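**Student:** Residue strings, one per chain:
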Amino acid sequence: MQPLRRTDYDFTTAVADHLQFLYKMKVNLKVWRQKNNNTAGKLVEYGLDNISPDMSFLEMFDVLNGELTRKGEEPVAFDHDCREGICGMCSMYINGRAHGPQTGATTCQLHMRSFSDGDTIVVEPWRARAFPVLKDLMVDRSAFDRVIQSGGYVSVNTGSAPDANEIAIPRSVSDEAMDAAQCIGCGACVAACKNASAMLFVAAKVSHMAVLPQGKAESTLRAERMVAQMDAEGFGACSFTGACSVECPKSISLDHIARMNREYLGAKLTSENMQG
Amino acid sequence: MELKSKIPEGPLAEKWTRHKFGLKLVNPSNKRKYDIIVVGTGLAGASAAASLAELGYNVTALCFQDSPRRAHSIAAQGGINAAKNYQNDGDSVFRLFYDTIKGGDYRSREGNVHRLAEVSVNIIDQCVAQGVPFAREYGGLLANRSFGGAQVSRTFYARGQTGQQLLLGAYSALSRQVANGKVKLLTRTEMLDLVVEDGKTRGIVTRNLITGKIESHSAHAVLLCTGGYGNVFYLSTNAMGSNVTAAWRAHKHGALMANPCFTQIHPTCIPVKGDYQSKLTLMSESLRNDGRVWVPKTKELANQIRKGERKPTDLKEDERDYYLERRYPSFGNLVPRDVASRNAKAVCDEGRGVSKTGLAVYLDFADAINRDGRKTIEAKYGNLFEMYEKIVDNNPYETPMMIYPAVHYTMGGLWVDYNLMTTVPGLYALGEANFSDHGANRLGASALMQGLADGYFVIPYTVGDYLATIGPADKLPVTAPAFREAEQRVTTVIEKMLAIKGTKPVDDFHRELGLIMWDYCGMSRTAEGLTKARGLIKDLKAEFWSNVRITGESEELNQSLEAASRVADFIELGALMIEDALNRDESCGGHFREEYQTPDGEALRDDADFAYVAAWEYQGDNQPEKLNKETLEFENVKLTQRSYK
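Residue numbers (the numbering used here), protein chains in the order written: chain A, 1 to 276; chain B, 277 to 921.
For reference, chain A alone in the conformation it holds in the complex:
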């Protein structure tokens, strides 16, 4: 334990009690292993018996990878970075659910206390045509970047902004924009959808900018372009089942999809820019 330093009380007993409480779960993992995009993958079983309920799900994978490395086997590749639920990098499909059994949380925020001693846990990568597997549990989500590049911005150059308080924006509007802007771009919505649709992701960005006065000028063009790019990337159609919103770690609401549909329809009625 890192920051333990000698102090003038006896913490050894306290730590021992604590450690006894730790390290007690057993889990049986079935993990998707795939060398690269050109090779077929399969589920491989691993048993772990020294798991603390206070560990995060990814820390449990750190333990597994440590053991595999010591045995000379290749550790499991998985995406992760901030480990506090905001960067959107972690992306495990756990027991048939994006980011696992907890709602409103990412994989890195899932703790082993959500499982029971002796559980079997199946861990797979996001499954979607637009998210090809790179290795093991890592997928390529650059399609999301390309969707944003197609129109997910306000066209304003550095230095040309008016004073920040020049336009008053009602708090309710600003809050609504923030609700949508919270999206972390993890792709759980796509993984959760039976059609692998990216509607919630795209709608969150369209909606964030459409409700704010700064984004109004380009709002129809934006919706049109982003939807076109979404289709080009091979994401599926939306059948409005709402699975995306349920599994979204930021609980982004389906209302944004409705708003995007309105923006998009408006765009189609007035479009001079695109075909279709």
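Covered by chain A, per the in silico footprint, the following chain B stretches (three or more residues, Cβ under 8 angstroms):
| no. | segment |
| --- | --- |
| 1 | 449-462 |
| 2 | 832-839 |
FRET-style restraints, in silico, Cβ to Cβ:
| no. | chain 1 | residue 1 | chain 2 | residue 2 | range |
| --- | --- | --- | --- | --- | --- |
| 3 | A | Lys71 | B | Asp669 | 31 to 37 angstroms |
| 4 | B | Tyr673 | A | Ser116 | 26 to 32 angstroms |
| 5 | B | Asp365 | A | Lys26 | 56 to 62 angstroms |
| 6 | B | Glu601 | A | Glu166 | 37 to 43 angstroms |
Distance condition first, Cα-Cα at most 27 angstroms in a straight line; then the derived DSS-like pairs of lysine-lysine:
| no. | chain 1 | residue 1 | chain 2 | residue 2 |
| --- | --- | --- | --- | --- |
| 7 | A | Lys24 | B | Lys587 |
| 8 | A | Lys24 | B | Lys780 |
| 9 | A | Lys24 | B | Lys549 |
| 10 | B | Lys817 | A | Lys71 |
| 11 | B | Lys666 | A | Lys26 |
| 12 | B | Lys780 | A | Lys30 |
| 13 | B | Lys780 | A | Lys26 |
| 14 | B | Lys808 | B | Lys905 |
| 15 | A | Lys24 | B | Lys666 |
| 16 | B | Lys489 | A | Lys35 |
| 17 | B | Lys817 | B | Lys777 |
| 18 | B | Lys460 | B | Lys307 |
| 19 | B | Lys296 | B | Lys307 |
| 20 | A | Lys35 | B | Lys780 |
| 21 | A | Lys35 | B | Lys777 |
| 22 | B | Lys814 | B | Lys902 |
| 23 | A | Lys24 | B | Lys583 |
| 24 | B | Lys549 | A | Lys26 |
| 25 | B | Lys772 | A | Lys71 |
| 26 | A | Lys71 | B | Lys777 |
| 27 | B | Lys751 | B | Lys296 |
| 28 | A | Lys42 | A | Lys26 |
| 29 | B | Lys458 | A | Lys216 |
| 30 | B | Lys817 | B | Lys772 |
| 31 | B | Lys902 | B | Lys817 |
| 32 | B | Lys282 | B | Lys902 |
| 33 | A | Lys26 | A | Lys71 |
| 34 | B | Lys905 | B | Lys528 |
| 35 | A | Lys30 | A | Lys71 |
| 36 | A | Lys71 | B | Lys780 |
| 37 | B | Lys772 | A | Lys35 |
| 38 | B | Lys528 | B | Lys751 |
| 39 | A | Lys30 | B | Lys666 |
No lab work stands behind these hints, which were simulated from the structure alone.
These figures come from a predicted structure and were not determined experimentally.
Ideal Cβ placement from N, Cα and C applies to all residues, glycine included.
On the provided structure of chain A, position chain B as indicated by the hints.
**Tutor:** Same frame as chain A, now just chain B:
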């Protein structure tokens, strides 16, 4: 080496304006003849890449993550400072300047800090124009809150996700330039070497993290926007991938590393639970606006709590010690971070810490909830409370949070002049990667401000001065021998690492390094401890290069190889941090040498001997580095013992 800071002459408030006028310009039609590489896509990198592309330069932006939006700026919670004085509470550019210089314990440059305060107001305008949904009052105007080290409300915020919203703003500007064809974006790409020839930066060598391919990229200038090196401590609030590799490899090519021992230990993080722990989670400083910090008054009471005999909510007012309010009545719970952290450590060292480990203090919202109602507190901090509950499994609305300091930010970094250029011509460092603005301690909500100031409003002016001097023809093709040699250097190191085939995983080395750094070069330091750590690090380095086990190959996606290459650099950086901490025989800001303290335990500076920037020059593998000094000139503030009492 003579360090030319290039701080302009003239009155403080006119320095930047005068300097901008004196800088050479590249005319609009010539900008397209220049190539600039931006390494890292956090606030500094994304804002720089977007702004330079808007001006017409050809930009290549790269990040090791799968998307620019993942950069760790995204995790900043509390806010961004700006001297807007929208609250009419006495704020001004000079006050923000003064607070930052004082907060940094007088170890930063007046000129840089004043410029930062000046451009802070433009940042807020820019971000709002991009659609960043900052918090607003009911009337529709922007809201502010207070942060440590300030007595005005100048912090703008977007719930507890300010960094995320600012980064997404910069990322959207960057994405727009990718679509315009002015930025070439390389994701999952890591810089592994810098190419310097004829004394100028020529480009970089990278590894494609998916294929393992080593590639060269040529440019007229390279901007390192690679963040801080807090992960040298293994446990920190940084992201798992945050690393020093790009900066360190530049250091080996002649970029001096300044004040590396200046690290910030953030006072409010979730305490360590077990040895499996991979990272520490920050609880925003903004919580100290409403939360009261306390520990039990006596060791006996603390013991009862640790044993679970009593609950914190059972303790009566006179059994509690609100030690920050008691010691610092005027700033109270909002003292700067270094002061709050040291005090938490002190009360835990006295045996009054809580949690089973004894290494935690309380941050209590009961009074705020009684005063303002649960709803108000929920609106302000709801997502932070939720995050806390997910990790600790404890409801902070009902029982006080437990917090403990953790490594959060590094004030030290690559030495840069006023133009943000390092000691290697054509190589720049922006944001947390440089050393210039925060001295020995950074104030809360100032990191976002600095990253965006450097990227949006400083580098677009200063880089042109260099480019206009060298001219567009002064560039090497990637087929030049200098690039071939650099690729060979990189390949050789990778092969050497893979050939070790030892027994110990990389993470084990990283954890051991972290323990050494935390114990001897963390919240408090002594000459004796640092000397001991010097030996420990030397042994660790030797063991790493003889016993690390990396599985897999180099020409494939290989996360253990990535980690090993980063840890190898962290070990070398750790050794330099220890030398820097040993050299600085004073206490200032986050650098607390136990030998140098006031009678009541505050940091005791030695301005006569240490009012300088320690800039270290690499001398070769395993050679002691050479110390260069840049004397800090103070013309506008009087150096005093910091007091927050």
